[in-house]
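> In order, the protein sequences belong to chains A and B. In this text, residue positions in the first sequence follow the working numbering: the first is 489, and each later residue adds one. In this text, residue positions in the second sequence follow the working numbering: the first is 507, and each later residue adds one.
Worth flagging that the hints you see were computed from the coordinates, not collected in a lab. Please note that a few of the clues may not be correct.
The calculated PhoX-like cross-link candidates involving lysine-lysine, where the alpha carbons are at most 20 Å apart (straight line), are [said to hold, decoys possible]:
hint	chain 1	residue 1	chain 2	residue 2
1	B	Lys619	B	Lys511
2	B	Lys600	A	Lys645
3	A	Lys499	A	Lys519
4	B	Lys703	A	Lys645
5	A	Lys604	A	Lys637
6	B	Lys592	B	Lys511
7	A	Lys499	B	Lys600
8	A	Lys508	B	Lys600
9	A	Lys604	A	Lys508
10	A	Lys640	B	Lys703
Just so we're clear, the structure is a prediction, and the values are computed from it rather than from any experiment.
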Amino acid sequence: MADDMMTIHLKVWRQAGPDKQGRFENYTVEKVNPHMSFLEMLDVVNETLIHDGEEPIEFDSDCREGICGTCGFVINGQAHGEERGTTVCQLHMRSFSDGETIVVEPWRARAFPVIKDLVVDRDSFDRIIAAGGYVSVGTGPKPDANSVKIGKDVSDKAFDAAACIGCGACVAACPNASAALFTGAKVSQLAMLPQGKPERGRRARRMVHQMQEEGFGNCSNIGECEAACPKEISIQNIAKMKREYLRAIFTDS
Amino acid sequence: MIPLKRALSSPTGRKFVMSISGIALVLFVIVHLLGNLTLYVPDGGETFNRYAAGFEAMGPFLYVIELGLLAVIVIHMTWGIATALKNRKARPEKYAESVDSKGGPSNLSLASKNMIVTGVALGIFLVVHIWHFRIRKVYVAETTEIDGNEHADLYALVHAAFSDPLWVAFYVGAMLFFGFHLRHGFWSALQSLGAMKPEWSKGIYALGFFVALVLTVGFMGIPLYIYFVG
Ligand code: HEM
Ligand code: FES
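So that you can see chain A by itself, here it is in the shape it has in the complex (with noise of 0.2 Å):
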């Protein structure tokens, strides 16, 4: 076991708030077991830096099993590191080699300041969602089971879509900031949907507007976003959010 054990150099962006300079620290870590997370792996350098009397690297994690969206950030220039269809929490230290450089940096756009270090506040996000995300329901009794009904196709579609665990990446790894992976999958899951379609012009304008209030970029079409998904989200949702918008320029509904 021992022998497997690796050494790697981190190359840390560390900022101690949101308007501190920040700057590239570096570490050696030893004895970095090849199993653990890349998360695991910080945790160890926590460690040290709180033994130490330094302030601990500051990051973002909740479930640690690639379902909640709250962590990530760029390993060496990729969003969630270099695999596809993971996020850096279950990202393991055997895909790096023993003795490598890893530069670790936060997600970067205008739309998600930093807070500390590498996290970053993502209520951008919220906001988009919040502007139309969602379904409205009327209270009053239960519908019956089943009594709406989806093909297998539709639903298998607006399911891809309803993936999203709203991580970022998709931001991060556009070379224009743009946040349409994640606002057309949101769009474009609840307009196939019988119960998101009433109100999915209303929906496509505010979501798309909000999208441009917060300061994202615009799509260029280059589909990093889809590359970098950790639910390998497709771009076909982008397309779709199009043509929901383009249909939302001239109704009302």
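Given the coordinates of chain A, work out where chain B with the ligands should sit on it, guided by the hints.
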């Protein structure tokens, strides 16, 4: 309903403007190339000059078409430059380790990353090109007789230009930018409009390469043909 101003400036709406103007330019460019293919006819320029003279027969209607075309180009350029500037502002602090492609479904390439660069190069090219052949046709060109009428000898103007290796290099170079712009542009325009079924996406991206290649080779061949063959 969305107010017009908003519809033309929102992230999705502004790309409608770019893609519709872009598609209009692609259609124009296809017609332009088809016409210019007459330059390949080895008859001392008679076919080409006849084709060019045909435009004069349109009278003032020609100006309407030319102004319309100019408007489309100006709109495309204005929206393109404004969009690129906004995109730049969306990431004020750059990554230290520059993001290269994660591969897979991504279309990140020299072409897709540099639309604004190839676009601005095309804008500069267009100014030179319009001066070179459109304006000089009126003020510089000799005349030639077609069916008893005097017409500008546009062929002689083109021929003289493409006997100069510097002009040949300029046009060949410009067409490289054009090819890269279209390689991403064709697919991008259809995706921006949402004008595709998921199953078509790969095919349209491939078609974009084909369209860019055919148009680029077609245009690029003209100066090369005239320089090397005559
Ligand atoms: C005159 C100078 C030009 C400039 C400054 C320019 C600029 C741009 C820019 C910046 C984009 C990318 C938009 C984005 O991805 O965010 C673009 C897209 C495009 N351009 Fe141009 N361009 C020019 C000329 C042309 C010409 C001559 C054609 C056609 C023959 C053309 C066809 C297209 C197409 C089809 C698109 C895709 C539209 C879309 O992404 O929705 N452009 N242009
Ligand atoms: S911590 Fe939940 S997805 Fe990584």
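> Please go over all the hints and tell whether each is borne out by the structure.
Status of each hint after checking the structure:
1. B:Lys619 / B:Lys511: violated, 28 Å
2. B:Lys600 / A:Lys645: violated, 35 Å
3. A:Lys499 / A:Lys519: holds, 17 Å
4. B:Lys703 / A:Lys645: holds, 13 Å
5. A:Lys604 / A:Lys637: violated, 47 Å
6. B:Lys592 / B:Lys511: holds, 17 Å
7. A:Lys499 / B:Lys600: Between Lys499 (chain A) and Lys600 (chain B) the Cα gap is close to 16 Å, so the pair holds against 20 Å.
8. A:Lys508 / B:Lys600: This hinted pair holds, its Cα atoms lying about 16 Å apart.
9. A:Lys604 / A:Lys508: Distance of about 9 Å is within 20 Å: holds.
10. A:Lys640 / B:Lys703: holds, 18 Å
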